[in-house]
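Got chain D sorted already, so can you dock chains X and W onto it with the hints?
Going down the list, the protein sequences come from chains D, X and W.
For the first sequence, the working numbering begins at 584 and goes up steadily by one.
For the second sequence, the working numbering begins at 584 and goes up steadily by one.
For the third sequence, the working numbering begins at 584 and goes up steadily by one.
One should not assume that every hint holds.
It does not matter which identical chain is used: a pair holds within one copy or between any two.
[To be verified] Under the rule of at most 20 Å between Cα atoms (straight-line distance), these lysine to aspartate or glutamate pairs were calculated in the EDC-like manner:
hint, residue 1, residue 2
1, Lys640, Asp705
2, Lys785, Asp796
3, Lys640, Asp720
4, Lys785, Asp659
5, Lys785, Asp836
6, Lys785, Glu679
7, Lys785, Asp705
8, Lys785, Asp692
FYI, nobody ran anything at the bench for these hints, they're computed from the structure.
Each chain, written out:
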Amino acid sequence: MSDSGATITGSRRLGDIAGHLGLRLHGDPAVEIDAVGTLTGAGQRQISFLANPAYRKQLAATRAAAVIVPPEAVGDCPGAALEADEPYAAWARLLEWLHPPRPARPGIDPSAVVDPAARVDDGAEIGPLCHVGPGADVSPGVILGPGSIVGAGAVIGADCRLLGRVFVGDRCRLGRRVIVHPGAVIGADGYGLAMDGGRWRKVAQLGAVRIGDDCEIGANTTIDRGAIDDTVLGVDVRLDNQVQVAHNCEIGDHTAIAGCTGIAGSTRIGRYCMVAGACGIAGHLEICDRAIITGMSAVTNSIHQPGRYGSGIPARPMRAWQRILVRLSQLDRLFGPGAR
Amino acid sequence: MSDSGATITGSRRLGDIAGHLGLRLHGDPAVEIDAVGTLTGAGQRQISFLANPAYRKQLAATRAAAVIVPPEAVGDCPGAALEADEPYAAWARLLEWLHPPRPARPGIDPSAVVDPAARVDDGAEIGPLCHVGPGADVSPGVILGPGSIVGAGAVIGADCRLLGRVFVGDRCRLGRRVIVHPGAVIGADGYGLAMDGGRWRKVAQLGAVRIGDDCEIGANTTIDRGAIDDTVLGVDVRLDNQVQVAHNCEIGDHTAIAGCTGIAGSTRIGRYCMVAGACGIAGHLEICDRAIITGMSAVTNSIHQPGRYGSGIPARPMRAWQRILVRLSQLDRLFGPGAR
Amino acid sequence: MSDSGATITGSRRLGDIAGHLGLRLHGDPAVEIDAVGTLTGAGQRQISFLANPAYRKQLAATRAAAVIVPPEAVGDCPGAALEADEPYAAWARLLEWLHPPRPARPGIDPSAVVDPAARVDDGAEIGPLCHVGPGADVSPGVILGPGSIVGAGAVIGADCRLLGRVFVGDRCRLGRRVIVHPGAVIGADGYGLAMDGGRWRKVAQLGAVRIGDDCEIGANTTIDRGAIDDTVLGVDVRLDNQVQVAHNCEIGDHTAIAGCTGIAGSTRIGRYCMVAGACGIAGHLEICDRAIITGMSAVTNSIHQPGRYGSGIPARPMRAWQRILVRLSQLDRLFGPGAR
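Next comes chain D alone, as it looks inside the complex (with noise of 0.2 Å):
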């Protein structure tokens, strides 16, 4: 069910892409490239990586043209080999080059709406049905795709992707080249209520969201505006699909977040963490730089230390899950009477 690759525009040079990439080349840098391939799907003129030791299989029976691979895979290329010590870095370098991002193209299309108090710079793109509130700032090289919604008084820096159908709500700051995928909420209110005489009153959310330069932020991903101070998230955060995180959160730097987590309100969490998809992380919490949460965990109580932590379970059969069931509701007559 595989198509075979991405073709790029004219072709390059195999020495040429090993002297662009600065990485070791073994083979014949003559060698023409049409285009970018899997391991299982190139063919004759494709380059193909090796970054996942899963894949290993695969390499010995590619037919890419070049494969980009770790020193140690060298010898097991049947075509060339691009020899580099971060294969999946160099790749993406490689992409990058072959199919950069669409420049803007400047201009505002007729069916979008700008408030005449808006500020948009005439090198941004503002595209079909958009919306640009009053006091809302675009820089140059902003792309908005169709359908995107910029709040009053939002500021959106230059550079900045946002794919479509993308909502930034009120006083909201994206920094540079911060791209945000379709369906992304950034700015809705934070979930404040407080129970006041058998009924719930809001607590009217006063904060915004600020997010850091180079940030990605996933489809239908959630961040929300905070109650007083604002929600932040640093520079490079990335966070996947379907994320929530509520108000007041904090994100450090180069934090990757991965798809369907959601953060509780005022939980802050470090530098260079990486959350796998489907946590959910409870509020007013610490998370220190450099944590690592493997998928489905809960976590409930701040981690002070470095290193992977996790409570998710391995699925298996019914019968043998239902039986570990029973025997967890049966474990206290192992512990006998009294015992703690």
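What follows is chains X and W alone, placed relative to chain D:
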């Protein structure tokens, strides 16, 4: 707090209903049916069904004029019985007949923005405030509900229904009769990042999403485009709301995935699988045909045998649960020193 | 990384604030207040509050001119104290007074598409790029934020605020003063499928969604329409972001459900329940009034007694957690042969 069911246009004789569905009727074929309803809500001139045995007690008390039931429940119907081996399938066919989805109303709403280089069939309906990008292809019978966005070069197959505010990214392709609910995002970038000198470098996502005929995609569900090759859904794949499908997943024909489940990258799920709600499925796995995953499970290993799998833990009173948590931490002492 | 709070228009004397809130003031009533702030961020002429005892240490160090505190903390305030039995409720009321939500600006934006057969009250505000379908009814005081869609025959009660890019499906009905955050989808089809001869057959979803007065619906939350009868939220129900409510659920008055929780079909949740984040609640259950579900729990059985329930497991260092997982697999051997 219940309504009294859904009224149809005109009425149908019970005999005609039995004939249309190919069911055996126990009762008077001349009875007129005006509406469908639940066992508890239906009254005279209404038809209902029993599929879930949990509701069998309601059958004896129903005031419905007729009920579609499995053979073993025919004797319990106070009114007429329509005997069906598969009562829920019969019910689905009945509703299809009585309440067919409305056909497309061909034409392009004046507020829609259709690129001159898009191809929109004369038999397609483009609703208010939609955007169709250059090179996109919208087939006959398609309904694009209000606010939907179809990217450059995307293909929307015949008779697809995008209910409104759907996003289909560049070059993504939907088969025929695909239903996409509001807020779904098909074709955002996959979550591809390479650490490079202390910062994340984005890995360009060059693939697309391909969806087969007769799939249904729930509200606010996200399906990312592949990194190089495509993310692929087979035919008749049914995703509920808020499902997340990461880049390069492949989901086999007739597989159904319930709400809030997330699937990490490059995992392949077989045909006729059923995944319950709020599961997390790790990346790079193979799940065979007819695997059933129960709710809130974490799937971290490939599955090679059909059957039921799980790791969800039923909630219980907190005092009891906390006692189990304490015992979990103490398990080691039961196994004695040096035990493995 | 903090801002310095939210400034109000003009200023208020502390005595007036105490009077408005009905609180006992310990301090100089003539002090002027310009802004609200956090305990750590507030400075002179600012007011703050203490509700969560976890932040009590911050109280002693605050530079706020005044703090709303519970009676037992009055003596710890460096500045003035406003004594409140329910400090968080008092704070909510203060913000409501100082920062009221803006009223509707009646009128229909020229870019909005309102069907001629819709009824939009003269006192409603229809924002840019909204769509209101035929037969829809939009009441006085309503704000439809940019990009919102109101389906055919839907009813939006007085003073509702749809913040932007909200989807309300055909025939769904919102009570008065309902707040809906961006990306929410109210009234997508329920997930109704019947297996019929080896393929899924869609079960038409004929019900709608009915939402009572004073509810709040979070960003990217989804509430499906009922299969036959309606999905129903009572009054003052508060849903956070990315909550999923399946078809025919009923949620009782004053119940609050935190982010990323999913509720399967036909489950009835009582009044004054509190469900924490990232829970999964199975279908066809009954949850009684005043049940409290802790975070990341899987609720698979009905709950008949008020109180706290849970099954979430706190994350710990992976080595320790993996040891527990091994022990879980070995539990049976502790119970001896033939044990149950």
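Each hint, compared with the structure:
1. Lys640 <-> Asp705: neither (52 Å within a copy, 50 Å between copies)
2. Lys785 <-> Asp796: between (32 Å within a copy, 14 Å between copies)
3. Lys640 <-> Asp720: Neither. Shortest intra-copy (51 Å) and inter-copy (39 Å) distances fail the 20 Å Cα cut-off.
4. Lys785 <-> Asp659: Intra 63 Å, inter 27 Å, cutoff 20 Å: neither.
5. Lys785 <-> Asp836: between (32 Å within a copy, 15 Å between copies)
6. Lys785 <-> Glu679: Answer is between; shortest inter-copy Cα gap is 8 Å, intra-copy 46 Å.
7. Lys785 <-> Asp705: Answer is neither; intra-copy 40 Å and inter-copy 27 Å both fail.
8. Lys785 <-> Asp692: neither (38 Å within a copy, 28 Å between copies)
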